[in-house]
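Q: Residue-level listing of the chains:
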Amino acid sequence: MTGAAASSTRRSSSLVRVSNVLATVIIVVALLAAAYALVTALRDRPMGTGHLVALGVLEALLVAQAVVGFVKLSGDGGPDSPATFVGYLLGVLLIPAAGAGWGLLERTRWGPGVIVVAALAVAVMIVRLDQLWSGTVA
Amino acid sequence: MPEPEGIRTGGPTGAEVGAEAAAEVGGEARAGGDARAGAVDARAGGTSRPGTGSGPGRLLVAVYAIFALAAGARAGVQIATKFSEAPVAYALSAFAAAVYVLATVALARGGRTSLRVAVAACGTELAGVLVVGTLSVADSAAFPDETVWSGYGRGYGFVPLVLPVVGLLWLRRTARQGGGPEAGGGRPVGGGV
Chain A
265 MTGAAASSTR
275 RSSSLVRVSN
285 VLATVIIVVA
295 LLAAAYALVT
305 ALRDRPMGTG
315 HLVALGVLEA
325 LLVAQAVVGF
335 VKLSGDGGPD
345 SPATFVGYLL
355 GVLLIPAAGA
365 GWGLLERTRW
375 GPGVIVVAAL
385 AVAVMIVRLD
395 QLWSGTVA
Chain B
34 MPEPEGIRTG
44 GPTGAEVGAE
54 AAAEVGGEAR
64 AGGDARAGAV
74 DARAGGTSRP
84 GTGSGPGRLL
94 VAVYAIFALA
104 AGARAGVQIA
114 TKFSEAPVAY
124 ALSAFAAAVY
134 VLATVALARG
144 GRTSLRVAVA
154 ACGTELAGVL
164 VVGTLSVADS
174 AAFPDETVWS
184 GYGRGYGFVP
194 LVLPVVGLLW
204 LRRTARQGGG
214 PEAGGGRPVG
224 GGV
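Chains as they are written, first to last, in my numbering: chain A, 265 to 402; chain B, 34 to 226.
Among the clues, some could well be false.
Using C-beta positions, here's what the derived DEER-type ranges look like [claimed, not checked]:
{"#": "1", "chain 1": "A", "residue 1": "316", "chain 2": "B", "residue 2": "113", "range": "33 to 39 Å"}
{"#": "2", "chain 1": "A", "residue 1": "292", "chain 2": "B", "residue 2": "190", "range": "18 to 24 Å"}
{"#": "3", "chain 1": "A", "residue 1": "316", "chain 2": "B", "residue 2": "124", "range": "52 to 58 Å"}
{"#": "4", "chain 1": "A", "residue 1": "331", "chain 2": "B", "residue 2": "145", "range": "28 to 34 Å"}
{"#": "5", "chain 1": "B", "residue 1": "164", "chain 2": "A", "residue 2": "317", "range": "43 to 49 Å"}
{"#": "6", "chain 1": "A", "residue 1": "295", "chain 2": "B", "residue 2": "112", "range": "32 to 38 Å"}
Because the hints were derived from the structure by calculation, they are not lab data.
For clarity, every value in this text was computed on a predicted model and none was experimentally measured.
Even glycine gets a Cβ: it sits at the ideal position worked out from N, Cα and C.
Chain A with its partners taken away, still in its complex shape:
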């Protein structure tokens, strides 16, 4: 009994560590993507392959985070409002894809401009996710 509990605690604490590292990586990648797109927009260039690759990496990381998040939820000590947490976890997946599509339609500097907005939104949502999990903000 105590052994099982201890191993479960150990497992969930290592999961928390993984998801914390993942969240930090996602925020850094999102901010880098935003900065890259901002430079492109300021240079008055349209979107390129580089932006799509950046968004693809971001999307892959977000999928990984969704998986980790659901595993974490199935353990103990979840957030106060799991529904909101799941909403953010899944909702954030839409943003890089939608941003890529919407930005590609615009062959001016405003295309990468859309990517700036999308990437910043992802970064903000990850911060919110962390707050939701740790209960800093209701």
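Given the coordinates of chain A, work out where chain B should sit on it, guided by the hints.
A: Positioned in the frame of chain A, the structure of chain B alone reads:
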């Protein structure tokens, strides 16, 4: 054949967005960029739709879409999990979400009808954020839980307060360019044909 000068007059005034102002300064030396910008402007003038969803408007639509998603998801969660706790606040959340969705779609589509819908949606938003913001500050008991409009959009970095204003300004500009009723001689030559 569209006259680039007449259409382009709207370009530099787009400095409402600070990034563009910076880009204009930085891009002064470029030569190739001008031809491309001219081509885009010509395309915008050549079609009959005012193009609220292209150029800088594309950014606006992106921000609106994020708010439609945020407000919609929030309202969905609130109504699904605890509607009885604060029915008024949660119904308001759903209403706000619907207005954001409407504004996003109308701005993205462009065209005459969409323009009117977008103006109505942005106006409703502005009224909503001011009324709900004031009420939630004055009588917080009536709004026990946050909506996007509570405290003038404080929970969302006051973006809900700024967004409808920017939206209405942008709609006014595109309406002028497209030869709307209040167009002060800004109708592009051959733009409507």
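Q: All the hints need checking, so say for each whether the structure fits it.
A: How the hints compare with the structure:
1. For the hinted restraint 33 to 39 Å between residue 316 of chain A and residue 113 of chain B, the CB-CB distance of approximately 35 Å keeps it satisfied.
2. Between residue 292 of chain A and residue 190 of chain B the Cβ separation comes to about 21 Å, which falls inside the hinted range of 18 to 24 Å.
3. The hint said 52 to 58 Å for the Cβ distance between residue 316 of chain A and residue 124 of chain B, and at roughly 40 Å that hint is violated.
4. For the hinted restraint 28 to 34 Å between residue 331 of chain A and residue 145 of chain B, the CB-CB distance of approximately 46 Å leaves it violated.
5. In this structure, residue 164 of chain B and residue 317 of chain A meet the distance hint of 43 to 49 Å, their C-beta atoms being roughly 45 Å apart.
6. Checked against the hint of 32 to 38 Å, the pair residue 295 of chain A and residue 112 of chain B passes, with Cβ atoms roughly 34 Å apart.
The structure fails to meet hints 3 and 4 from the earlier list, while all remaining hints are met.
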